[in-house]
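Just so you know, the sequences run in chain order W and P.
Note that the working numbering numbers the first sequence so that position 311 is 311, with each residue one more than the last.
Note that the working numbering numbers the second sequence so that position 93 is 93, with each residue one more than the last.
For the record, the hints were derived by calculation from the structure and aren't laboratory data.
Here a beta-carbon is modelled for each residue, glycine too, at the ideal position from N, C-alpha and C.
Warning: the hint list may mix true and false statements.
[Unchecked claim] Computed spacing ranges between beta-carbons, pair by pair: (1) T114(P) / I195(W): 41 to 51 Å; (2) Q4(P) / R152(W): 40 to 50 Å; (3) H131(P) / S198(W): 40 to 50 Å.
The primary structure of each chain is shown beneath.
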Amino acid sequence: MVDFAGWEMPVQYEGLIPEHEAVRNAVGMFDVSHMGEFIIDGHDSTEFLQYTLTNDVSRLKVGRSQYSLLCNEDGGVIDDCMLYRLEACKFLLVVNAANSDKDYPWIQSKARHYDVHVSDQTDSYALLAIQGPKATSSLQKLSKDDLKELRRTEIRAIEVCGHQCLVGRTGYTGEDGYEVFCMPSIADEIWASAIDQSVTPCGLGSRNTLRLEAGMALHGHEISETITPVEAGLNGVVAFTKEEFVGKRAIANILNSGTPNRLMGLVMMDRAVPRDGYVVYTSNGEGLVTSGTFSPTLERGIAMAYLPSQVQVGDNVSVVIRDKHWAAEIVELPFYSNVTKWRAK
Amino acid sequence: MNDQILPSDLKYTREHEWIKIEGREGLIGITDYAQSQLGDVVYVELPTPGTTFAQADTFGVVESVKAVSDLYMPIGGQVVAKNDTLLDNPEKINENPYGNGWIIKIEVDTEYNTDDLLDAEQYEKLVNDLHP
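Working from the sequences, and respecting the hints, build out all of it.
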């Protein structure tokens with residue numbers, strides 16, 4: 001068990017690699033109850049979220065979800081989040097546990113000028129993520145509702161183990177899967193019932209290797225208050241067409257002027273593991289690894305790194321590991337994608 | 001952690017290495033507890049035979065998916081062999097940490113000192129204190 005933003009969480013149950021492989025090949029389950037949940041409702045909730053978050057809330061239909069960013073006036077990323085539209089004027093915002101305590105007052109301060117009510121409901125929800133190609137068949141055994149009706153990115157009230165839950169078809173693993181928001185008092189029952197359906201319990205270790213293979217940013221690593229969405233390659237979730245939102249001017253300026261560094265992926269050619277903070281040498285200058293690990297799927301060291309913007313996919317670079325240079329190649333992100341697999345279903 | 005294997009003929013370090021001393025020869029590896037804490041070992045960095053290290057020197061590195069760990073000399077000596085099998089099969093350390101998962105063989109210093117090393121019982125207590 002490790003302390004994670006005040007939550008006691010296991011790094012692994014039986015083993016990181018078997019847990020990782022369970023999610024890639026079958027189904028695994030994460031207790032991510034540490035994530036912060038805010039409920040935002042009120043007459044102005046759409047306008048308020050349009051102003052406070054970077055993505056375009058007007059394009060988010062009821063019952064759907066949207067990845068978004070909470071930026072400061074300088075365009076730095078305070079946090080990244082998932083926004084679920086539960087009703088026309090009612091939203092669920094899921095934020096990182098480590099940032100929840102600063103996100104809440106920030107959001108509250110922005111809410112003052114709107115007819116909107118924001119409440120921290122973190123303690124009202126447990127959150128279980130059931131992920132992997134067999135997630136649907138396993139979770140279906142615990143529910144009378146037809147999960148096939150719930151398409152990717154959708155969220156709705158679904159019965160699980162006889163209890164009404166909010167279930168989103170979302171996740172942080174690069175696989176098809178579900179996130180079950182339930183009352184904390186019934187989380188144990190769902191957890192145990194899922195294990196009875198041969199769902200593998202997974203810890204923080206495999207959560208990190210899975211998201212890294214899927215090329216997903218982790219706040220505090222790829223994104224932070226001093227890194228803008230432009231450098232992080234997250235322009236896709238910044239809606240410049242919106243009239244105004246916090247950080248718009250700064251982000252637009254950086255987009256126009258260009259950034260010296262960009263987030264890129266690298267794969268080790270040598271048998272070595274890149275880690276956070278390692279220096280990368282390129283023919284265009286130095287860079288830094290923000291997240292690195294051994295990829296169980298690729299069976300190689302992989303990393304995301306901030307590198308000089310001139311660096312291209314296919315370039316040969318080297319990573320300094322314990323004073324030695326190890327060969328690596330720049331690759332397209334993500335390292336792993338199962339998108340085509342779940343779209344075909 | 002009562003299920004860990006702890007051979008009684010070995011000496012242990014507080015950094016979770018073991019050494020088996022037979023005459024002038026010392027065989028070194030990491031403990032069952034260490035491998036279970038590291039998880040799947042994916043990479044091992046080994047010293048060149050002929051290199052001499054003092055007691056507590058770093059002689060190599062073991063990497064698992066989640067972490068890097070330095071390896072420390074239980075006692076001083078000169079490396080006479082390294083387990084090259086580990087370069088392609090680092091998982092041997094997880095499978096058999098006291099057997100074919102050994103890491104290096106040394107010729108121990110003529111005047112070595114085992115005062116800082118633990119016997120199996122002391123090491124077991126150390127590990128149990130880490131997991132009260």
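Review point. Where does the structure disagree with the numbered hints, that is, which hint numbers, in rising order?
Key: Structure breaks hint 3 only.
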